[in-house]
Structure formats: C-alpha cells, structure tokens
Amino acid sequence: MATAPTEVKVTPEIAAEHGVTQEEYGRIQKILGRDPNITELGIFSVMWSEHCSYKSSKVHLKRLPTRGKLVVQGPGENAGVVDIGDGLVAAFKIESHNHPSYVEPFQGATTGVGGILRDIFTMGARPIAVMDSLRFGEITPSKTTNEEEAAKNRRILDGVVRGVGSYGNCFGVPTVGGEVAFEPCYAQNPLVNALALGIARKEEIFLAKAKGIGNPVIYVGAKTGRDGIHGASLLASAEFTEESQQKRPNVQVGDPFMEKLLLEACLEAMKTGAVVAIQDMGAAGLTCSTCEMASRGGTGIEIDLAKVPQRETGMTPYEIMLSESQERMLLVAEKGREQEVLAVFKKWGLDAMVVGDVTDGGLLVVKDHGKVAAQIPAHPLAEEGPIYNRPVAEPTPGKESERDWFPFSADGTDLTANFTKLLASPTIASKRWITEQYDSMVRTNTLAGPGASDAAVVRIKETKRALALATDGNGRWCQLNPKVGAMHAVAEAARNVATSGARPIAATNCLNFGSPEKPEVMWQFSQAIDGVGEACVALGTPITGGNVSFYNETLGKSIYPTPVIGILGLLEDATRVLKVGFRKAGDVILLLDGAGDSDGRQKTGAKAAQEFSSSEYSKTIAGIVAGEPPAIDLVAEKRLIDCMVALAEAGTIQSAHDISDGGLAVTLAESCFGASGLGAETKLNGAANAEYALFGESGARVVVSVSPEKLAAVWTTARQYGVGALEIGKVTGDNALRIEYKGHGVVSAQVPTLKDIWAYSLERHLKIQ
Amino acid sequence: MKFGVVVFPGSNCDHDAFHAIGHVLQKPVEFIWHQSEDLHHCDAIILPGGFSYGDYLRTGAIARFSPVMKSVEKFANDGGLVLGICNGFQILLEAGLLPGAMMRNAGLRFICKHVHIRVEETNTPFTCAAEKGEILTIPIAHSDGNYTCDEATLKDLEKHHQVLFRYTTPGGKDDAAGNPNGSTANIAGICNRARNVAGLMPHPERAVEEVLDSNDGLLIFRSMIEAVVNNTAKATA
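Here the protein sequences come in this chain order: A and B.
Residue 1 is where the first sequence starts when you use my numbering, and the numbers rise one by one after that.
Residue 1001 is where the second sequence starts when you use my numbering, and the numbers rise one by one after that.
Pulled out of the complex, with its shape left as it was, chain A reads as follows (with noise of 0.2 Å):
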C-alpha cells in the first residue's frame, strides 16, 4: 500500500537535521520495509528521541528496585501508583522541564506543571499536591558569577517561581513545598523538576492500554496548535548552544484554566463507566499517545486527521502529529457509549471529537481526510528503538591535598559572624517569599505546609491517614562522589519524611544529568543509579516511576549531576504530624543519632577537613568546594527512620527537625523560629573541631524536643531502635540561641535577629522590598 504523497522526500541528511543516527535510519527502513516519508520520519524522531524512548539509560534504569507489596503499578504508566489503605491509591510521579524553563521561564514552568498534573489525574487519580525540586545559577555576585550574570539568574527564578505559582494556584491544587538551591553550574540550565501526588480508589485506576477492536478514539481538551513542535526531540534532547534562545517557539504554551476543565471532566468521564483507556498527550503529543496506546494493549490505533480540532488553518500531518500542545487527552470508549463520555466534555465546554479507532494488526494509521498520511508497527515504534549502552568511563579525579581543604579555626573561636552569615545563604535562607506566592492550602487538606515540617503533610479527608512528601538531592556532593551523593539524597528525603511522622513507603526520580554521549557523564550516570538503588532497598522505598533528563549543559559544560529523588510516606494517624519548631520553654533538647553513639561519629584531622570542604558552610564561608561528601550509613538511616516512626506514632515528642545543609546549628536556630519568644541553651562536646560539631552535615541525625515527663518513654523508644538519644540543651523562653562547644560559647544572638535574616534574606538577595 502506498503512502501519501509528500513534498519532502526524505534522505539520510534530513534524518540527520531531526536528529536520528545514520543506524537509527536504517532501523526505521528496516521496519518498515521501505523509506519513511516526512510524516513518518517526524513521528520517529520524537519517539527515539532521548527524552520519550530513554534509550541511553534504559540499561541502567534496570538496576532501580522497582517492587514492593505496596506497589500497584511501577514504571512504564503515566506515574507509580502505591497502596495506601482504605482502599485508596496513591499515584504520583516527578518530571524535569529543565531546558523550556530557561528558554522561557515563566512557560517552561507551568507546562511543566501541567504535564505532570496531567500524568496524575490520567490514571484516574485526583491530584491533591504538587512540590517543585528548583536549582538555580548564583542570584548574588561571587567569585564564579558576575553581577549581570547574578541579575539573569534572579529573573530565570521570577519567572520560574511565578509559573510554578500561576499554574498550580489556577488549577487549584496545593504546592505544598520542594526545594530550592542555588549553584554556578545551573545558571545557564536550571533545573525545574515538578512532582504531583493525586489519590483514586484502588479498583478506579486507570491505564493506557488501547483494547477491544473497533472501541472509539476519542481526543479530547485544548485545540492542536503549531506550539511545541519537536519540544521533546530537540529541545529536551540536545545540549543548549549560544542560539538556544531561538528555541522559544519550541516551548508550550500552558493554560490551567483549560486543565482544570479538563480534569473535572475526565474525572466525570471516568465515573461513567465508558473509558476504556486514557493518556494524556505530553511529549510527542498525538503521536505517543496513539503509539504508545496500542503497543500497550496490542492493539493498532487508526485515526484521520481531519477531525482534530486544530486553532491553525492548513496544518501539515507532520505538524499534528507532532505539536505539544498542552492539555490534551486521548481516550479509548467502549464502543456504542461514546455519546455518555461526549455529554461530559460537553458539558464542560470541551472540544471532544471520536478521531479513530482501535484496530487489529498492530498499525498505527494516520490518515489526512481519509488519505493515508503514515502508517508504522506501533509496537516497534513505541518499545523497539534503538538502545544504547554508551561507553562510561571515570574521570581523572584531580589530586586534592589537605591544602585544597576547609581550614578550621581554632577551637574557642566565636562562631556566631559566621553562623549568620549561613543563614542568610540563599540556599539556607528560608524560601518563603517564594512559597507565600503559591496557594499551600486549597483543597483544605494541608497540615503541614512548605517549612512547617522536614516533609509537606497532606491529609486525606475520607480516611484517619496522611501522606507525606519531600523531595532532595544535592548536586555538589553527586559531583564529589556520584554514588554517595544519590543515596544521600534518597536517605535524606526519607528522612524528611520520617521527621514528618511517616512512614517511607515508595520513591519517585528525577534525573538531571549533562550528556550521555559524554563517558564521564555516563559514569556519573551509572554510578547514581548505583547508589539510589542501593539506599532504596536499604531504606525501602522502591522507584515506581520518574524521567531521566539528559543533555542538561550548555557550551559543552555540564550541569552538577543531580538526581532529586520525591519520597511518598504514609502516617497512619493524620493527628500526629510533627513539626519543626519548639513549643515550650524547659522541654529538653535530644539529638537523636542512628549511628548510636554520636561522640563515635565525629572526624577529626584531615578526614574531617576533607568531608567538610563538601558543606554548605564551607562553600559560604570559604568558597570551597571540594573533597568528599559525608560517609553514609544506610543502616543508621533505616533506624533513625524507624525511631522517628515509633515516636511520632506514641506521640511522645514535641518537635522534629533533622540535621542537613548548614548542619546542627542550622536545624537548632530554624527549630527556635516555630514560636515567638523561644529560644535554646545547648551544650556540646566531642573531639571534632567546633566548626565541624555545629555545621558538618553527616546524615542519619535528627533535632527532637521533649517534655521533661515524656524524657524516659523517648529513651526506652530510642534504644529498643538502637538510636543515641543525647541530651543537648533546653527549650528556653529568653528568645536567645546559645551553643556551648567542649566549655566554650561559640554561638550567642537574639532569635529575633536570627530570624530576620533567614526569612528576608532571599528577598533582599532578590532585591525585592
């Protein structure tokens, strides 16, 4: 059978402008037994793009643990989906939408957050809240940015932040926190990574599995525009240049309020009974969902054209096909009942057109008012392309010494300059005036909004339970040690999740990396998915779902490698939420250490010089960065985790705050901010140098605070978890922070004058009054 006439005909060069390998080419030849037309070769291009086929990291994605017994549906749907009782699922899933955010911030951000709104609530699942992971360039000058190149990144993060804020508050969905962190190499690639959480009843789930022969294809949502086109080929796939700025057309365009519409609407649609299957059209647009729908359900999906709804006038096939046009679904219907799911989109204001349907014999037909515009094996197209197993190879590590280490001062030395100085790091500084800028609280579920606690807490109202989310990942220790790194950050959202009063039950990635065409960049790669994997058995919280983003660097430097992992905990009482700051004078400090005994851990000498030159304050202070993020302890990690579970379930502490960036002095002074008037006395000793006790940032360690009554049931918790609880120091009502170190005071201020500083610094920094 012949295909259309096209105007284009297709030649290995033109394969080459979409970006497909002389191999990749022939692959394409084979399986069709002939040349692709331009049509064809479009819809090959995006699908074998990096960005939706993962072809050079399927052969790692493989090692991720991806099972648990509460997992219902890992990787491969449009998000994970675990159990959480009652009946209930929980999907959610993470997606970076790094490079349209640079190219245009405030759009690249809402698209971002739509599309992932659209994974949730395509399997069926109402979203009840959204977290964004953000990194960004130096937004003040330093030695590494310039004050022009400073003034750039505080736009990047405006526009970023206001599209996070204009999207989700639209749409009305909580942003219930995330992170936000600032370092050189993301300044001409920030990282944008959106996660979103949405709950459904566990036999309400559904998949994007086109079944029954000759059922209905049903598009539903926002007209097909000329936006987007090749977004996930050649945006999301190629490393940025100095012309990237003419990428913009490249980037979507978002409308929530049509998202919105559409969820209820297909939330509605869904109850009828008549949806077969559904899939959101993100990347690739029409033509994943199409290819992507039938090789699930082996089936063929053939569709004409013609009955799109487009917003353009003489669009191309080639053009439809791939357009990204935002908020758009594809649905399958049990045939005969098309006009009940019709009525719905209807009633919603929503174009809804039956444009095909399923076939037999696995085609994928696309038709052009009834002429056959291409015609691909959809499963081949969908799961057989081209997979790579990319040479890796580790860089030389430059030879450090202890003369490219932090220098401590000398025991006795105040330390206080300094600690202030911390807090008013960006990445330290609180980040409310980025959070106050998106609706934390609709849908009135939120007990513990962005800060509150070391996880976002949301409740959900038909059961007694909750669910708790955080997300992390530190660039700088991946860069020192990718393996390391990776499972701090899987060990660090975890236990964020814990110090909510959680239990960790499945993890969610998102991994930011250079180019994979780059060996080093594929050991990084490898030697990540090494460490997330190990510390997600460890820890268990099975991977059930997220994207891999490559090609994150610009001018062939590449971004710090940053896997940012979502950890989704479970707290089975929603009324024991703990929280970050101190409630009462006289209630006793402990900091609980899953290594146990907590003198035991502390480094001295070199090896202390060498983990610590990885700190934020070390960075801040000294402007170094170097040596090797703290050792990890993935078995103190689970303990602590478990203790932190136990307590929060007896209800026997006050507050919970763990120790990371800027290290205890940090978690003490963001406990003391909770409630006016509090403030702390602590005592510390130990053989490490102060600055090493105060600000080295060495995991599995949490800041609680007890009534003195509660002391011993904490204890007997603690030890029966093998967790050192040491006392610290007091809740004092004086409004001052003081920390003694081995007799002498290192650190004395005015909470007040503390706070200010941490919650107005990123604004100042923003120079926004």
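No lab work stands behind these hints: they were computed from the structure.
Just so you know, nobody snuck in bad clues.
No more than 30 Å apart at the CA atoms, straight line, and that leaves these computed lysine-lysine pairs for DSBU-like:
hint, chain 1, residue 1, chain 2, residue 2
1, B, Lys-1173, A, Lys-431
2, A, Lys-347, B, Lys-1002
3, B, Lys-1070, A, Lys-347
4, B, Lys-1113, A, Lys-152
5, B, Lys-1027, A, Lys-464
6, B, Lys-1173, A, Lys-584
7, A, Lys-461, B, Lys-1027
Keep in mind the model is a prediction, meaning the values are calculated, not measured.
Using the hints, position chain B against chain A.
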C-alpha cells in the same frame, strides 16, 4: 437551613466550602452548577474562591454573566444571604451587588498566607456570632485582592457601617504593616447597604479546623446559620 455553593468553570474552593459546611458544621449543602437558574430553595448562597473562567479577562468579569448569576441577583434583591469569598467577592463586585473594584495586589504577586482581620461590625448576618473588635486569623490566597473604591463610596461604606473586616497586624493595628495587598483603608470584607450580601478576600472555609492552624472562619458560617435560624423563627412566630 440549606447552603448552596455555586460551581463556575474554574472554581476551586467549591469543595472546601462544601466540606466546611457539610462535614465540619454538619449542615445541608448542595453544589449549584453555573448554568442552572434554579437555586434549589437554598437559604444562603456561597460564591466560592477560584479562578472562574481562568480570570483571564478581569477577575470575575465573565462569571457574572453566568445564567446562575441572574438567579443570585434576584435572590439577593429578595433579601437572601449571599457570601462571596475571594473570587466570589470579585464576582459580586463585577455584578454590582457590592460597591468597589479589585486591583492587583500592591506587590504585584500572588500571596498565600495567614493574615489577621478585625471584625468591624457585628450587626450583620455574616458576623453576628463574633465580637466587635475580635481579631481572626484566616488565610488569604490571591493576586487581585487590592480593594479599591472612590472617596465617596468609601465614605458611604463607613457611614453605613458596611466595612465588616479590616486587615490588621497580629496586635490589631490597621496600619500599612497589617495590610497585605494595599487595600483601601485596609478593607478585607464589606457588605451591601441591606446587609444581606457580603464579600471578603480571606478564606474562612480554610480556617475551620484546628489541624488547619485556625478555626476562626467558623464564626462567619455560624453567624449565617444563626441569622437564618433566627429569621425563620421570627417569621414563624
């Protein structure tokens, strides 16, 4: 006593109002679709928060033309209780059921946080269960909450005791420090001259349970219930 919560395309606090009334206060409540002209014999109508029609033109400017608004207007003119929250307040302004208009927040950014508002009047169906001068902690979440009106209107509002809530500091001062969005005279909520239609930017439906950090919003819904019950009692007496 039955409440109706109107659902416009883009409403997103409709479920929250429904939850506050139906589940927390255990009172009958129904959703009313914007295409409907039938108010289902409700005693009080709530226009909820959200982004009706995306708020792409001007907040509330399109929603006011929904078929349901004809019935709401008639209901209001007949003395029925109508409360507009956030986007609902904006719709009431556009519909001319309340005086004044909304501008972008003074900082030109969306703001979501708990704020403090002072109860200015208690002789209304929306505040009768509160104490005059009481400071409530209730969240705001909006981009366009900068209430504005001309001097004559402001004078009129003050003269007829139509300013129901003012933004204040935690200590109760209605100065610039207590004003989150630049609203004229720190106005957070007003009612009409007949006192049966009110609008406010803060979200009382988000402050109805201790676990949500405040339940001060209940006072407003309780006031409405009390007013309707007393009114019915009077009518039947």
